[in-house]
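Protein chains: 6
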Amino acid sequence: MVVTRGFFIGRFQPFHEGHRRVVETIAEEVDELVIGIGSAGKSHAVDDPFTAGERIMMITKTIFERDLDLVTYTVPIEDIERNSVWVSHVQSLCPRFDVIYSHNPLVIRLFREAGLEVEEFPMYDRDELEGTRIRQAMVEDGEWRPLVPSPVEEVIDEIDGEERLRQIARSDTEAGHDGPSA
Amino acid sequence: MVVTRGFFIGRFQPFHEGHRRVVETIAEEVDELVIGIGSAGKSHAVDDPFTAGERIMMITKTIFERDLDLVTYTVPIEDIERNSVWVSHVQSLCPRFDVIYSHNPLVIRLFREAGLEVEEFPMYDRDELEGTRIRQAMVEDGEWRPLVPSPVEEVIDEIDGEERLRQIARSDTEAGHDGPSA
Amino acid sequence: MVVTRGFFIGRFQPFHEGHRRVVETIAEEVDELVIGIGSAGKSHAVDDPFTAGERIMMITKTIFERDLDLVTYTVPIEDIERNSVWVSHVQSLCPRFDVIYSHNPLVIRLFREAGLEVEEFPMYDRDELEGTRIRQAMVEDGEWRPLVPSPVEEVIDEIDGEERLRQIARSDTEAGHDGPSA
Amino acid sequence: MVVTRGFFIGRFQPFHEGHRRVVETIAEEVDELVIGIGSAGKSHAVDDPFTAGERIMMITKTIFERDLDLVTYTVPIEDIERNSVWVSHVQSLCPRFDVIYSHNPLVIRLFREAGLEVEEFPMYDRDELEGTRIRQAMVEDGEWRPLVPSPVEEVIDEIDGEERLRQIARSDTEAGHDGPSA
Amino acid sequence: MVVTRGFFIGRFQPFHEGHRRVVETIAEEVDELVIGIGSAGKSHAVDDPFTAGERIMMITKTIFERDLDLVTYTVPIEDIERNSVWVSHVQSLCPRFDVIYSHNPLVIRLFREAGLEVEEFPMYDRDELEGTRIRQAMVEDGEWRPLVPSPVEEVIDEIDGEERLRQIARSDTEAGHDGPSA
Amino acid sequence: MVVTRGFFIGRFQPFHEGHRRVVETIAEEVDELVIGIGSAGKSHAVDDPFTAGERIMMITKTIFERDLDLVTYTVPIEDIERNSVWVSHVQSLCPRFDVIYSHNPLVIRLFREAGLEVEEFPMYDRDELEGTRIRQAMVEDGEWRPLVPSPVEEVIDEIDGEERLRQIARSDTEAGHDGPSA
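Residue numbers (our numbering), protein chains in the order written: chain D, 1011 to 1192; chain L, 1011 to 1192; chain H, 1011 to 1192; chain A, 1011 to 1192; chain S, 1011 to 1192; chain F, 1011 to 1192.
It should be emphasised that the hints constitute simulated quantities derived from the structure, not laboratory data.
Don't take each hint at face value.
One copy or any two copies: either way a pair holds, since identical chains are not told apart in the list.
Straight line, CA to CA, 25 Å or less: simulated SDA-like cross-link-like pairs of lysine to any residue [to be verified]: (1) K1071 with G1028; (2) K1071 with V1012; (3) K1071 with E1123; (4) K1071 with D1167; (5) K1071 with E1027; (6) K1071 with D1057; (7) K1071 with G1125; (8) K1071 with E1042; (9) K1071 with I1090; (10) K1071 with I1169; (11) K1071 with R1180; (12) K1071 with L1157; (13) K1071 with R1122; (14) K1071 with E1163; (15) K1071 with I1118; (16) K1071 with V1013; (17) K1071 with R1174; (18) K1071 with E1091.
This one's a predicted model, so the numbers in the text were calculated from it and none came from an experiment.
Can you build the whole structure from these sequences, using the hints too?
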């Protein structure tokens, strides 16, 4: 029996309902799924609040809860400053995969130039589910909870994620510039 | 219910019967296990023949076959040239863990200096099961197959691992020095 | 006798009167002070004109001139692109310290997540003393000299710092884009 | 006979008519010319669409076609995040050179601080020939072809460069943020 | 007309008669040749005495002197610690090539796993012409001159290469350990 | 008044009596001394047991105790894998210096190729005072204490350095290979 293995990459800051729906759609087409966690080295930043380890937790617990019939691998992928070697970088860290699921034009371009099959999927409702909006809601005490799967909510609460995001957000509006990498 | 999560790290070049026994022993003590794949960026070298992705396959398939009652996360850990920040590096890439299982003195030291709990476990039979011996046997057409779980054997065959190792091994004995990083 | 050692980090581009006042305030509370020079690798940029070596000079000469009763260590800290390991990075480069002085929310957050004591101090008058304003004044032939300690003025004059800043500033307004890292 | 060797650096995204004219002007003053290809590691980005290898092709073919009496070396120069070591970085990768041709204030400053001779040359007509405009024209199906030497046009067509740029440009306007390094 | 472009990589420490003969043999088979200079970032070490810039000079001057009917590109290739992305790394820095010439088993393996055509060529007389022997002869005032093309001899004399090698060699035999990267 | 500033670099693993004597000799010739701590990022290794921060402590406390009439700066210098840019790297991190004190042939060569003045000083008694012997003595419960200044002894005791070294040393003799960077 030949196993079909898909690949889906995102930053998952955090893993939200839009991501979950994509995973469930892909689950109907493949036997196994590699979920690449992009910008794995980043955390504690307004656009990248959670560590790779925290994001692995969010994804694994969500998939477990949904009881999907799908073998998944969640693989942290650290950034590499060279787009032209990025496909090799991903391939060496992940189990071999047959088809890439993406709606990101750069990802699609890079995999296609490398001769791989990419499936562009219809977009989930971005207006509601974009990561930026969810992070913004966390900072401003808005309604983010309905936008993420409940296991993600639990992880965020466990690590005191809302408070982390709020505190970090102040670094950007005040003029300090004296923080890490600043 | 509180989950106890263990951490076990190795290079797994390849994942062998000794590693499998360690995992099964730990499985009796914890609810979940994070398996860190060290030197994740290395491959195609005599001491590090397999990519992180290939090693993830070996581990996941072996655990699946044994049907262990254990949630596992396999996380590739790239080397970092600074021992003093290595613990933070590991922690940021992995789900939070409570206890480290190791018999490596440096690993034990680093985690203990960071104030974490480490359990030193009795060694499996190293004479037979050391990675070095297994890789040597692959190069010399020796008896390596009984020393690894059968799913590992399948992965190695699928990627033509024996031939890769043999070819790479010639780079060291011939005087070329003109290869990558050489 | 137990020594209390404080830690204060900044980019010090340049070290100005606001920084000096903070150091003098901390001097009353600790026996020794580690001054971390952030973004140590950066220089010759509009927001980061001075090298780490030049900034060490500014700080050491100012403290010497003020004749403070305080043992100080000035330690260049290169940026690291991973906030989650930044605390370890700092700790491994510096003498052990007991208390962190900071008003930067990200710095405060990172040290607190690592279980360390942070003291948030009342802000010096930022409107006057922000680094950005001082650098702007240098570019535009404005009144920057009263805003820095006189030994800092001497260092800047010795390295022809005003002219360096003015020349670099032109790289941003002209459309070249052909410079280093550009 | 003493050979005079010049140095000219740019990102050459792409190599255009303005660059060609500069090279032809320099050719009258030196015997040999080192052309440094800056940001060599970057590609597949809106401001940096072409790989170093592709840019080497553009330059070499153009110089060959013009039949200049000039020995040229085209050397890819990867970015280095430290301006203060950038001159050493360039010097170690290139044949020794006597005079630098540049109109970039940062490049001029860095070489002069290192004690080297820099010749600032009169600007070619930037309004027409800036790389930004040419890339913009590619994305919007505008008139870019007259702005580059014909061998550059051929290279861009061979690698399907227009389509690459258009596809990448969509990554910036859509809200994905899930691509490489994003 | 279709151009056939070959690729030949080495460290060229220094470029010697064996390398020259290989280039002349390949010249009969291809129209253009990309010469990759491996370990481009290394220099001032016993096994890697010359900078990439110095090696570019050696190669270019030798090919010019022999008046070969061959377009050549000499491209410095910095080491990358990940064999699995090395092929992509090389490809992004070089003009596209059709066939690889190598006798290094690791290079052959990596290109073949990437699906590229590799031609293994008969070895030149390694006993005489190995780089190690030539460098050893330089240190010990031995007969290295007949083993390199005369333009290489000139480059080495111009940069005082013999003396550099002798001085560096003492770092290894004395017990200092206090040098760079030591 | 013109200040003469010297530069002295070592790994100082640990700072021992030989190093102290060199510093006292240099103190008679210069007004200020920059002490570069090489391989600053390394620690917890048999040849590099102590962090940069720990080594700063050793040096500063020793100089303070001796009450030398000498302004000193201790600057951690992380390794850089490129000898040809190493001098620039050091210069950008340190206050400007006039004369280099070294007995390491590579250091001498690199500074001289950069056009700087180097003073080779007569060796202290290496047989007794080499770092290797001192570290060996620590591992084997030998007589290392008389070979280091007493403030260094105190630092080592405070951080439990003997035990650290002993534990790390076991990583090399056992066959684990599963530690960091291994």
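To see whether the hints hold, each was checked on the structure:
With identical chains, the CA atoms of K1071 and G1028 are at most 25 Å apart within one copy only, with a shortest distance of 16 Å there and 29 Å across copies. Taking the closest pair of Cα atoms, K1071 and V1012 come within 25 Å of each other only across two copies (15 Å); inside a single copy the shortest separation is 27 Å, beyond that limit. Within a single copy, K1071 and E1123 get their C-alpha atoms only as close as 34 Å, which misses the 25 Å cut-off; across copies the closest is 24 Å, which meets it. Proximity of K1071 to D1167 under the C-alpha cut-off of 25 Å is restricted to the intra-copy arrangement: shortest distance 14 Å within a copy versus 33 Å between copies.
In this assembly of identical chains, K1071 and E1027 lie within 25 Å of each other by CA distance solely inside one copy; the values are 13 Å within and 29 Å between copies. Within a single copy, K1071 and D1057 get their C-alpha atoms as close as 22 Å, which meets the 25 Å cut-off; across copies the closest is 35 Å, which misses it. Taking identical chains as interchangeable, the C-alpha atoms of K1071 and G1125 are never at most 25 Å apart, the minima being 34 Å within one chain and 27 Å between chains. For a Cα distance limit of 25 Å, the shortest separation of K1071 from E1042 qualifies both inside one copy, at 17 Å, and across copies, at 12 Å.
In this assembly of identical chains, the alpha carbons of K1071 and I1090 never lie at most 25 Å apart, being 28 Å within a copy and 29 Å across copies at closest. For the homomeric pair K1071 and I1169, the shortest alpha-carbon distance inside one copy (15 Å) is at most 25 Å, but the shortest distance between copies (31 Å) is not. For a Cα distance limit of 25 Å, the shortest separation of K1071 from R1180 qualifies neither inside one copy, at 30 Å, nor across copies, at 33 Å. In this assembly of identical chains, K1071 and L1157 lie within 25 Å of each other by CA distance solely inside one copy; the values are 16 Å within and 34 Å between copies.
Taking identical chains as interchangeable, the C-alpha atoms of K1071 and R1122 are never at most 25 Å apart, the minima being 32 Å within one chain and 27 Å between chains. Only within a single protomer do K1071 and E1163 lie at most 25 Å apart by alpha-carbon distance; the minimum there is 11 Å, versus 30 Å between protomers. Neither within a single protomer nor between protomers do K1071 and I1118 lie at most 25 Å apart by alpha-carbon distance, with minima of 28 Å and 29 Å respectively. Taking the closest pair of Cα atoms, K1071 and V1013 come within 25 Å of each other both inside a single copy (24 Å) and across two copies (13 Å).
In this assembly of identical chains, K1071 and R1174 lie within 25 Å of each other by CA distance solely inside one copy; the values are 21 Å within and 37 Å between copies. Within a single copy, K1071 and E1091 get their C-alpha atoms no closer than 31 Å, and across copies no closer than 28 Å, so neither meets the 25 Å cut-off.
The structure shown violates the earlier hints numbered 7, 9, 11, 13, 15 and 18.
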